[in-house]
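Chemist: For reference, the chains in residue letters:
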Amino acid sequence: MTRAQVARSAGEASRSALLVHGTFARGHEWWQPGGSFHSYLITSVRPDLYSDRDRFDWSGGYSDAARDLGARDLRTWAERHNLLGLDLFGHSHGANVIMQSTKFGLRAGALVLLSCPVHVPKYLPDFTRTTKVVSIRVHLDLVILADRGGQRFRHPQINENVLPIWFDHGASHNPQVWRDHNVPDML
Amino acid sequence: MDVAGAVRVYGYNALWRATGARRAGRALINALGAPDEELQVLAGIFLVRGADKAEPLLEEALARRKHLPEVITILADIGNPKYKPEFRRLADDADPAVADAARDALRVLEARQEAPASS
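Heads up: the protein sequence lines correspond to chains C and X, in order. Quick note: the first sequence, position 112, residue 146 per this note's numbering, numbers continuous. Quick note: the second sequence, position 53, residue 96 per this note's numbering, numbers continuous.
Hints are computed from structural coordinates only; laboratory data are not their basis. Some hints could be false.
Unchecked claim - Stretches of chain X that chain C covers, calculated by requiring three or more beta carbons in the stretch to come under 8 Å of a beta carbon on chain C:
| no. | region |
| --- | --- |
| 1 | 44-50 |
| 2 | 79-90 |
| 3 | 113-119 |
| 4 | 144-158 |
Because the structure is a prediction, the values reported are computed rather than measured. Each residue gets a CB set at the ideal place from its N, CA and C atoms; glycine is no exception.
Just chain X, with the same shape it has in the complex (with noise of 0.2 Å):
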């Protein structure tokens, strides 16, 4: 496991929590495709625990279709509902990745709204 690195995400975490930088919140983005697993688990997890503060950023990868996989699974974790119909459009996308992703957010936002106590 890449430690340094590991220290840097939580440090990047903070720094965004505490200041809003969004410098510190792209550099969680940027490390969904980072090449050492652990930190991709870690940058997801604190992007998940970011909910409303982490949407813009992750609508801005979105965008650009940065780590597509993990970020459609992020977004359907904070469950906003607003994202189902890009669910939707990649669900059928080229990349079964992409659209395994999708056709399983979409189902996550289903069981979250028949069990809304889910985190």
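Chain C extracted, bound-state conformation (with noise of 0.2 Å):
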């Protein structure tokens, strides 16, 4: 048993990551293991990153029912790993999944909101239940102005950062972007 097995028997924080899809996004690469973003975040950022092929998906729906199963999946799917703990990367409304699944009682680490349009209060999270949420966006998201949420974060326990971007909504899990600007020093 390895070490970590150790710890997760014993019911401690996993110290590991998980990469959570948005809407409209189970079927694309770049979140998947192997994937663009996920090989980027293995190598470069997180190397406990969960990469086994029964890795989290939700169906990716447009409709709360749709984000309040996924989020309901991922608790159960974290407990069903004992991966109490995780540190959470979700994108687009995959980081309202994760907000929401704290809501429904899963522990995690810290929350990484990349994209996340912002329907306050249905969307925030259960502050006691991570350690801190870090949100990553650009100016003038298109999706989001689509979705008609909210372009920023004014919530004194959420660290927004603005990159120097306009509209594209896919530059927050694009490799490039987050060597660029530096993003792993935001987290």
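With the hints as a guide, bring both chains together as one complex.
Modeler: So, in structure tokens, the structure goes:
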């Protein structure tokens, strides 16, 4: 048994990380093990990023019901894998799924919200179940504009970072953007 | 991101919503298969927001098996339970992406029935 497995069986924080996709993105490659952003994160930022074949996914549906189901499924997935205390990276409404999951009882580590459409108070984390919350986004995100969500958080417990990029919803999961703008230092 | 493409998708949506032009609506269906992932997401959002108006276009795509996982997901988000029998059939589809989408669609419809205020 590895040290991590021993720690997990003792119920300690796992110190692992998980990447969660957003709306209509379940079939996209960038977030999956071997995909562009997943590979970048595991190589350069989080070597402990979850990368087994049974990684978490959700429907990617564009409704409150789909996101709530995703959030409940995420909690169940983490509990079954004994991965409480996971640092969670979520893109777009996947960021709202990870926040909602803490409201449904998931004990997480840090939450990293990538281009998250802001729908407060509907989607905010249970701050007692996270260690910190960081948001990374661009100016005037065209997908968030269509979503009619807010373009930035104004919450004292969410550390907001706006990259000097316009319109591009996918920029926050682009490895080159992370390198060019030193995003790992924002985490 | 393909900003010009995004502006076109916004334009198709405006035209479709304002006039009901089927060609503009079909352009949104086509955008579900766009190479740029952001255009897919924009088209999906606009179709979900179109709700009843989008259903005939989505039914047409369903019959032609066009962008099936996305079309199934959008129909579930719109929330009309009449598609349940079709989703049950597609839950056994040979394409795992289609089968997964159909199984999740059934769960989303069930959840919506339990909480009808959900959008």
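Chemist: So, against the hints stated earlier in the document, which numbers end up violated here?
Modeler: Hint check: nothing fails, all pass.
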